[in-house]
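Asker: Chains A and B are the protein sequences, given in the same order. For what it's worth, the working numbering labels the leading residue of the first sequence as 120, then goes sequentially. For what it's worth, the working numbering labels the leading residue of the second sequence as 73, then goes sequentially.
Hints may contain errors.
[Said to hold, decoys possible] Below, a sample of chain A positions facing chain B; criterion: calculated Cβ distance under 7 Å:
1. D156
2. G183
3. V203
4. I205
Everything labelled a hint here was simulated from the structure, so no lab data went into it. In this text, a Cβ means the ideal position worked out from N, Cα and C, and glycines have one as well.
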Amino acid sequence: MDVAGLLAVAFAAGMLGGIVGVGGGILFVPALVVFMDLTQLEAEATSLVAVVAVGAVGAWRQHGYGNLRPRDALAVGLLSPVGVAIGVVAANEMPERTLELLFAALSLYFAAGLARRALRGPEQPSPARPPL
Amino acid sequence: MTGSDPLSEPRLGGLTPLARLAAIGTLAGVFSALFGVGGGTVIVPLLVLWLGYGDREATGTSLAAIVLIALLGAAGHGAFGNVELAKGLLIAPPAVAGVIAGTALQQRVPERAVSAVFALLLAASATVLVF
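Build the full structure now, drawing on both the sequences and the hints.
Answerer: If you want it as structure tokens, here you go:
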């Protein structure tokens, strides 16, 4: 257990959330595995608790800037339970190692996206955004 | 860059906006509960592509949707006994401080530098998970 390491990464994860607009789970999960000795599954489940907090504060800040459509957000959230149930069951059924490798792949995908952002020239009128 | 023009919203096989939001919620729900993340990686690009959102609006709306999705996911995983609530609550305060710092920093620090740092951090964490 290394509480200081965990708290430092949690802070960094929050920053990432605030800047990129995600919940920070991509960093909470490995931090919980490395610093708290949780299994991949436990870390993912536990990460969601902190994601709720990050999402709430981030949404509140963005709302202040007029960047939030509350009805659409509510619709996406309220229409998610079927997907959530599938995800929860799949995570529990899957071998731990598979979950780890999938998560590592997701991290690399995310890292590649950020690297592209970093390498992109400074704010030019973007020449036709490439399709995702 | 911000805002969207309703007239330019892409047509998606005649799906109503509500059906598109439902599809986004379902996909994000699977993604969120399977990986322990919020699902913003799925929600933001789909709001832009399917509903004609601007980038900033998509980010803000995604964060609000994430609150509900992660709450449902935490409850579902809790039912399987996977949630270590005390540890989740332990990381919430520094994470929230990070969000506030991050949004403030966003105005002052070049986005490219921040992106580069986090790209390296994530590549490192992926390596740790694999080995």
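Asker: Under the constraints set out in the numbered hints, which ones does this structure not fulfil?
Answerer: 1 and 2
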